[in-house]
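Engineer: Sequence:
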Amino acid sequence: MPQISTKVHELTVGQLSARSGAAVSALHFYESKGLISSRRTSGNQRRYERDALRRVAFIRAAQRVGIPLATIREALAELPDERTPNREDWARMSERWRSELDQRIAQLNQLRDRLADCIGCGCLSLDKCALSNPEDRFGGYGSGSVLLAVADKPGGSAPEAKNAKAGTAGTAAKAGTPRRNAPSDRCAEPGA
Numbered sequence: 001m002p003q004i005s006t007k008v009h010e011l012t013v014g015q016l017s018a019r020s021g022a023a024v025s026a027l028h029f030y031e032s033k034g035l036i037s038s039r040r041t042s043g044n045q046r047r048y049e050r051d052a053l054r055r056v057a058f059i060r061a062a063q064r065v066g067i068p069l070a071t072i073r074e075a076l077a078e079l080p081d082e083r084t085p086n087r088e089d090w091a092r093m094s095e096r097w098r099s100e101l102d103q104r105i106a107q108l109n110q111l112r113d114r115l116a117d118c119i120g121c122g123c124l125s126l127d128k129c130a131l132s133n134p135e136d137r138f139g140g141y142g143s144g145s146v147l148l149a150v151a152d153k154p155g156g157s158a159p160e161a162k163n164a165k166a167g168t169a170g171t172a173a174k175a176g177t178p179r180r181n182a183p184s185d186r187c188a189e190p191g192a
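Residue 1 is where the sequence shown starts when you use full-length UniProt numbering, and the numbers rise one by one after that.
Just so you know, the hints here were simulated from the structure itself, not pulled from any lab data.
For each residue, glycine too, the CB sits at the ideal point set by N, CA and C.
There could be a bad hint or two in this list.
Simulated pairs of lysine to any residue, SDA-like, Cα-Cα distance not exceeding 25 angstroms [as the list claims (entries may be wrong)]:
hint, residue 1, residue 2
1, K33, E95
2, K33, R50
3, K33, D81
4, K128, G144
5, K33, Q45
Pairwise CB distance ranges (calculated) [to be verified]:
hint, residue 1, residue 2, range
6, R96, D127, 39 to 49 angstroms
7, G142, S32, 34 to 44 angstroms
8, R47, S125, 50 to 60 angstroms
9, D51, S125, 42 to 52 angstroms
10, E100, R47, 28 to 38 angstroms
Given only the sequences and the hints, what does the whole structure look like? Please build it.
Structural biologist: Listed below in structure tokens is the structure:
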């Protein structure tokens, strides 16, 4: 990892790339999207303020966990342009992101915890799938992994649970979905 002297306040694109680990092409892309900025020398070379290192680190970390660039750009827009962002600036931005990050963490935890169970995708490849999703009945509720998609939504629950709570036979009964407390669908309940 190349160290950059503390006396250096502006970085070339090569220095920023080497120290941040981001490819030069990625840095140019980030700049074209308004995520970072540079000034041009008289020779038309880019020069980045040293605080671009933190911005690039933030961008890359956020991308690694699946946060879209548009969301990252909105967050970075809250930081001051006229000076180097300080700890309080970053803390303010972090606080605004807290609920979104907490939601993503919950979704990732659920994904990790449910992958060994039936997710209502229609594969019927696990023993539990035959019990939870006989004849691929969850396919009647939509495409994809129905149980993960429903549970991703705040207050979401499996399709059969919604109908059971309402006390109606509803669509689930017509599709032949097991009753909520029937042994065959206990593993289909999100969080079970």
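Engineer: The structure should be examined with respect to each hint, and the outcome stated for every one.
Structural biologist: A quick look at each hint next to the structure:
no. : hint                           : in the structure
1   : K33 x E95                      : 24 angstroms, holds
2   : K33 x R50                      : 19 angstroms, holds
3   : K33 x D81                      : 15 angstroms, holds
4   : K128 x G144                    : 17 angstroms, holds
5   : K33 x Q45                      : 19 angstroms, holds
6   : R96 x D127: 39 to 49 angstroms : 44 angstroms, holds
7   : G142 x S32: 34 to 44 angstroms : 37 angstroms, holds
8   : R47 x S125: 50 to 60 angstroms : 55 angstroms, holds
9   : D51 x S125: 42 to 52 angstroms : 50 angstroms, holds
10  : E100 x R47: 28 to 38 angstroms : 33 angstroms, holds
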